[in-house]
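Undergrad: What follows is the residue order along each chain.
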Amino acid sequence: MELNDTLRDIAKKLLEEGRVDAVLGFRQSSLAHMTEPFLATTAEQADQLVFNSCCRMNLAVYLTPDLFRSGRPESGKKSPRVAVTAKGCDSRNIVTQIQENRYKRDQVHIIGLPCTGMADKAKLLAAAPEGIDTITEKNGTLILSRDGKETVVSKTEVLQSNCLSCIIRNPVIRDEMAGDPVPELDMDSHPDRFADVAEIEALSPADKAGFFETLVSDCTRCYACRNACPLCYCPVCFVDESRPQWVGKTIAPTDVMAFHLLRAFHDAGRCTDCGACEAACPMDIPMRAFTRKTIKDAREGFGWETGMDLNLRPPLDRFDLKDPGDFIR
Amino acid sequence: MNQFEPKIITFLCNWCSYGAADLAGVSRFQYPPNMRVVRIPCSGRVSAKMILHAIRNGADGVWISGCHPGDCHYIEGNYYARRKFYLLKELLEYSGLEPGRLQFSWISSAEGVKFAEVAHEVIEKIRDLGPASRFIKRLPEVA
Ligand code: SF4
Ligand code: SF4
Ligand code: SF4
Numbered sequence: 001m002e003l004n005d006t007l008r009d010i011a012k013k014l015l016e017e018g019r020v021d022a023v024l025g026f027r028q029s030s031l032a033h034m035t036e037p038f039l040a041t042t043a044e045q046a047d048q049l050v051f052n053s054c055c056r057m058n059l060a061v062y063l064t065p066d067l068f069r070s071g072r073p074e075s076g077k078k079s080p081r082v083a084v085t086a087k088g089c090d091s092r093n094i095v096t097q098i099q100e101n102r103y104k105r106d107q108v109h110i111i112g113l114p115c116t117g118m119a120d121k122a123k124l125l126a127a128a129p130e131g132i133d134t135i136t137e138k139n140g141t142l143i144l145s146r147d148g149k150e151t152v153v154s155k156t157e158v159l160q161s162n163c164l165s166c167i168i169r170n171p172v173i174r175d176e177m178a179g180d181p182v183p184e185l186d187m188d189s190h191p192d193r194f195a196d197v198a199e200i201e202a203l204s205p206a207d208k209a210g211f212f213e214t215l216v217s218d219c220t221r222c223y224a225c226r227n228a229c230p231l232c233y234c235p236v237c238f239v240d241e242s243r244p245q246w247v248g249k250t251i252a253p254t255d256v257m258a259f260h261l262l263r264a265f266h267d268a269g270r271c272t273d274c275g276a277c278e279a280a281c282p283m284d285i286p287m288r289a290f291t292r293k294t295i296k297d298a299r300e301g302f303g304w305e306t307g308m309d310l311n312l313r314p315p316l317d318r319f320d321l322k323d324p325g326d327f328i329r
Numbered sequence: 001m002n003q004f005e006p007k008i009i010t011f012l013c014n015w016c017s018y019g020a021a022d023l024a025g026v027s028r029f030q031y032p033p034n035m036r037v038v039r040i041p042c043s044g045r046v047s048a049k050m051i052l053h054a055i056r057n058g059a060d061g062v063w064i065s066g067c068h069p070g071d072c073h074y075i076e077g078n079y080y081a082r083r084k085f086y087l088l089k090e091l092l093e094y095s096g097l098e099p100g101r102l103q104f105s106w107i108s109s110a111e112g113v114k115f116a117e118v119a120h121e122v123i124e125k126i127r128d129l130g131p132a133s134r135f136i137k138r139l140p141e142v143a
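Protein sequence lines correspond, in order, to chains H and P. Residue 1 is where the first sequence starts when you use this note's numbering, and the numbers rise one by one after that. Residue 1 is where the second sequence starts when you use this note's numbering, and the numbers rise one by one after that.
Quick caveat, the hints were computed from the structure, so don't treat them as lab data. Warning: the hint list may mix true and false statements.
[What the hints assert, rightly or not] Pairs of lysine-lysine residues, derived as DSS-like cross-links and limited to a Cα-Cα distance of at most 30 Å, are as follows:
(1) H/Lys296 <-> H/Lys121
(2) P/Lys137 <-> H/Lys296
(3) P/Lys84 <-> H/Lys296
(4) H/Lys121 <-> H/Lys104
(5) H/Lys296 <-> P/Lys125
[What the hints assert, rightly or not] Some chain P residues near chain H, calculated using beta-carbon distances under 8 Å:
(6) Phe4
(7) Lys7
(8) Lys49
(9) His53
(10) Arg56
(11) Tyr79
(12) Arg83
(13) Lys84
(14) Leu87
(15) Leu91
(16) Leu92
(17) Leu97
(18) Val118
(19) Phe135
Idealized CB from N, CA, C, for every residue including glycine.
Work the whole structure out from these sequences, hints included.
TA: Rendered as structure tokens:
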């Protein structure tokens with residue numbers, strides 16, 4: 001059976017049996033290369049759920065305490081249960097949110113999505129400059145059609161860069177799978193996993209500063225990257241604080257850098273490299289260049305890999321007597 | 001002689017390094033007056049925002065000093081701080097901050113001599129780097 005059919009059957013069954021109050025998933029949006037988040041609360045609505053190479057969002061961002069308060073009123077239950085469809089990275093963010101006490105494991109029913117990566121929207125549009133009416137996926141290729149004209153691209157060529165170094169494609173926690181697990185890429189200890197970061201590390205301080213100034217120079221401070229991220233749930237984000245005001249409101253390079261540095265630091269030890277931030281950016285800024293550094297450091301410094309084990313406390317909530325300390329006199 | 005005098009924002013833990021600075025003063029150990037001291041309850045209290053704030057406001061260097069591992073007044077605050085500082089220092093230097101502008105030390109309240117020595121070293125290192133040029137928030141230039 002097709003993955004989408006299995007997915008819908010699972011969702012319908014869960015809703016019909018009353019085991020969950022809603023199913024959070026993706027549905028097709030008005031643009032062929034985009035999907036949108038969708039909360040299905042009836043079996044009919046569950047028919048709209050999809051999973052394909054354009055499900056770039058990380059649905060964990062919608063698992064807010066509000067959602068668990070505001071289930072169907074007629075359910076009469078105190079704390080609604082929500083099913084969520086999750087790719088490998090999304091599941092790691094769910095683990096992180098549970099570790100951070102956002103909600104409890106038994107409040108979510110996780111429908112695992114075996115993931116072979118997401119197609120970069122900029123790469124898709126570049127492959128079909130005329131526009132895309134529909135996308136069909138077949139054996140590792142994407143067929144982009146427009147007015148009867150078809151462009152065939154191999155999925156590997158249009159993958160998002162985070163998917164190329166993905167360390168776990170099948171969800172780490174799940175209640176059931178919507179399809180057979182896919183083979184893993186075994187990237188976790190691959191020597192090239194952080195080649196991009198190492199390249200920047202090798203630059204001189206002046207070149208590093210120049211590199212990042214160029215990297216974020218188009219940033220409009222729209223905060224779409226922050227809003228798309230399941231880690232960014234602070235009631236008041238530091239960018240909105242005014243006493244003191246930690247970061248200026250302008251798009252002067254220094255203010256933009258301050259935003260990106262502090263956001264990346266807040267994600268240190270928590271980022272799963274899901275790529276939702278980059279996918280959301282209207283200016284195509286590869287801001288994962290910051291967060292990937294923190295992933296590398298947390299791994300090298302504390303042996304930490306985010307969201308792999310529900311029973312561990314987050315890395316900045318614990319310490320080891322042998323933590324790196326050579327930089328302290 | 002007209003040498004560059006760096007401005008260094010120094011965060012000192014109330015329970016150890018702040019006492020060490022006091023002891024160094026009372027014992028008349030000489031160290032240069034380039035520091036602007038902020039007294040903090042624990043090195044764990046220092047956040048990334050504070051450090052970046054100092055840099056954005058034109059500090060030529062930032063120095064944070066707390067209690068030796070195992071000696072924290074709050075038992076383990078400095079262990080958490082160490083993880084945080086490690087990640088932050090790496091991230092800032094990765095983004096272009098010159099190594100040496102951000103410094104850390106553990107100095108107990110009995111170590112007046114160490115305090116004066118480290119102060120010398122920190123200040124000389126930052127003097128060598130010259131005036132800070134990165135991440136500084138300047139007023140917009142209007143014609
Ligand atoms: S950028 Fe930092 S302060 Fe803002 S929402 Fe994200 S984690 Fe919170
Ligand atoms: S910072 Fe970006 S890559 Fe990391 S978890 Fe957030 S959205 Fe995903
Ligand atoms: S989404 Fe892009 S443009 Fe918007 S704040 Fe983030 S990096 Fe800047």
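Undergrad: Against the earlier hints, flag every one the structure doesn't satisfy and list their numbers going up.
TA: 4, 6 and 7
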